[in-house]
Amino acid sequence: MELKLILLFMVFGAVIAVKIEDLLSSVIAVGAVGLGLSMAFLVLKAPDLAITQLVVEILCLIILIRATINKDLPLIKDGRWFFNTVATLLFIASFLMFAYFALLELPDFGKPIMRVAGSYIANGLAKTGAANIVASIILDFRGYDTLGEATVLFTAVIGVLAIIRKVGRIKK
Amino acid sequence: MTEYILCLALFCIGLYCVLRKRNIIKIIIGLGIMEYAVNLFFVLVGYKTGGRAPILAKDQVVSNMVDPIPQALVLTSIVIGLAVTALIVAIAIRLFERYGTFDITKIRRLKG
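Protein chains in written order, with the numbering used here: chain A, 1 to 172; chain B, 1001 to 1112.
Some hints could be false.
[What the hints assert, rightly or not] Here chain A is said to cover these stretches of chain B; the calculated rule only asks that three of the stretch's residues, wherever they fall, bring their Cβ under 8 Å from a Cβ of chain A:
no.	stretch
1	1002–1008
2	1021–1028
3	1038–1049
4	1072–1079
The set of hints was computed from the structure by calculation and includes no laboratory data. The beta carbon of each residue, even a glycine, is placed where N, CA and C say it ideally should be.
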């Protein structure tokens, strides 16, 4: 029950974030959605994710506020709103159609298929020595995924530095 | 089932925001909302009713734990999401310095 309430809170926060005119209020509303997601992870029994989501959400908010502050923005109302709206609704309708067919195949909520996870839980402590199964998966069973994640993170940081840098290299 | 539908609604709000809005910051916000919805969907698929967190304890067996694999994948995905958001915001700040606006229809130097 509390999970549904948190999800409803997130949906309302997202609607406010999309619909409100002021950009700073919009950023703060999306921060509320992220904190709601953190609470939802806690209810869904994922404490590691809840902690990570909290930290990441706060950093994300700081970055977005840095981008929006001190920039006056004229509101844009004109343009091809009819064409845009029709195209948007078409995309959302096709997405919902695919989602309907996918939902028919999914197992019911609360009954996961734990074919792979069963062996990880049963042998995790003996094979890796970690009491936290999530930590044993990301650092041991699927260590190459984590290596790829570190590569993506490093590449993104290099990209940010290359874009933000004020002075380029001077040619001789 | 209601949880899945609310999660889909969240994704659709983000999709609407990305496709319909013309302000770059709004588009970044829409991307963030879509990312939240996808992460939430993964964890929802792995949830077991009455399950416990996947941390070993004395009375912990396979049948009373939630699925740990989606949680491990989403942990990776959250951190990558932060890096991608930082990259997009950096590009948006540069575009603002160059063109003086966040309106995507005014940024058309590269348009053929």
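- Item | Hints violated by the structure (listed by number, smallest first) | none
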